[in-house]
Amino acid sequence: MKTIILVVLILGYIKSAAQIVNIEDQRATFSDSIAWYEQVSLSANWIDSGKSILTLLGDAQFEFQYKNKRFLSLTSYTLIRTPDEEFINTGFQHLRYNNKLNPKLTFEGFLQAQYNQQIQLKLRGLIGTGLRIKVVEKESGRGHLGISYMFEYDEESKGGQIHRDSRLSTYLALRLKISDTVDFTSTSYFQPLFVDFSDFRLSSESEAIFKISDRLSFTSTFGITYDSRLPDGVPDVIHRWFNGMKWQF
Numbered sequence: 002m003k004t005i006i007l008v009v010l011i012l013g014y015i016k017s018a019a020q021i022v023n024i025e026d027q028r029a030t031f032s033d034s035i036a037w038y039e040q041v042s043l044s045a046n047w048i049d050s051g052k053s054i055l056t057l058l059g060d061a062q063f064e065f066q067y068k069n070k071r072f073l074s075l076t077s078y079t080l081i082r083t084p085d086e087e088f089i090n091t092g093f094q095h096l097r098y099n100n101k102l103n104p105k106l107t108f109e110g111f112l113q114a115q116y117n118q119q120i121q122l123k124l125r126g127l128i129g130t131g132l133r134i135k136v137v138e139k140e141s142g143r144g145h146l147g148i149s150y151m152f153e154y155d156e157e158s159k160g161g162q163i164h165r166d167s168r169l170s171t172y173l174a175l176r177l178k179i180s181d182t183v184d185f186t187s188t189s190y191f192q193p194l195f196v197d198f199s200d201f202r203l204s205s206e207s208e209a210i211f212k213i214s215d216r217l218s219f220t221s222t223f224g225i226t227y228d229s230r231l232p233d234g235v236p237d238v239i240h241r242w243f244n245g246m247k248w249q250f
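Just so it is clear: in the sequence shown, position 218 is 219 by my numbering, and no numbers are missing.
All clues given are correct.
Within a straight-line C-alpha distance of at most 30 Å, the following computed DSBU-like cross-link-like pairs (lysine-lysine) qualify: (1) Lys135 with Lys70; (2) Lys68 with Lys105; (3) Lys139 with Lys105; (4) Lys135 with Lys247; (5) Lys178 with Lys68; (6) Lys178 with Lys70; (7) Lys178 with Lys105; (8) Lys247 with Lys212; (9) Lys135 with Lys178.
Derived DEER-like restraints, expressed as beta-carbon distance ranges: (10) Phe211 with Ala114: 34 to 40 Å; (11) Tyr116 with Asp49: 24 to 30 Å; (12) Leu106 with Asp49: 52 to 58 Å; (13) Asn69 with Gly142: 22 to 28 Å; (14) Ser180 with Thr130: 34 to 40 Å; (15) Ile213 with Gly161: 48 to 54 Å; (16) Gln162 with Thr76: 23 to 29 Å; (17) Asp49 with Gly144: 45 to 51 Å; (18) Leu124 with Thr182: 39 to 45 Å; (19) Thr130 with Ala36: 23 to 29 Å.
Hints listed in this document are in silico derivations from the structure and should not be mistaken for laboratory results. Please read these numbers as outputs of a predicted model, since none were measured by experiment. Yeah, the Cβ is synthetic: ideal placement off N, Cα and C, and Gly gets one too.
Full structure from sequences and hints, please.
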């Protein structure tokens, strides 16, 4: 099943500006043992009302499942600028491999590269591995818990300070069917340093999906991210709120 986003109203920060990328929200649902999913969106907007504003947005998702194995690639790029200033310039590439060991346990391995001018992040490189555990599955919903080791390379754009750290990466993902016309999803991440749990990142994103027809839905998503270690002048808390319409084929 493919989805096209028809209208998006963005309040606050856009999705790719988050410190932690929500991978759980991007996973496709397959009913066959061998399946392929792809989605690509590109947009460019230019507005001149005395001061020109250029907006470039690009996203790509490719996912392949073969029996118990799954491969996922996510790419995102966002640029919003005027002739005098870049308000947002951010992007990431995420690669993930899953191997389902049994009905409740899945092995995961992942790589990620990310930059974000807005929070003075020149480059963040991640490599990690761990387990994804199915904690509950019922007709009304399901829940998964993820536990991984993650090595992280962080380079700041101002001052050039470099951090090389080992982090614990955990997440809890919930998907609930509230009624025949309302679904709710929520994913929360907690990523502390192994040697110092007071140095951590915390992120939570929740989405309500209101079904208007068999193909058309309205979605409202709220997210919040906290990072205990950011460069001076960068807010440690980021809020995001998105509203949009989805059409499913």
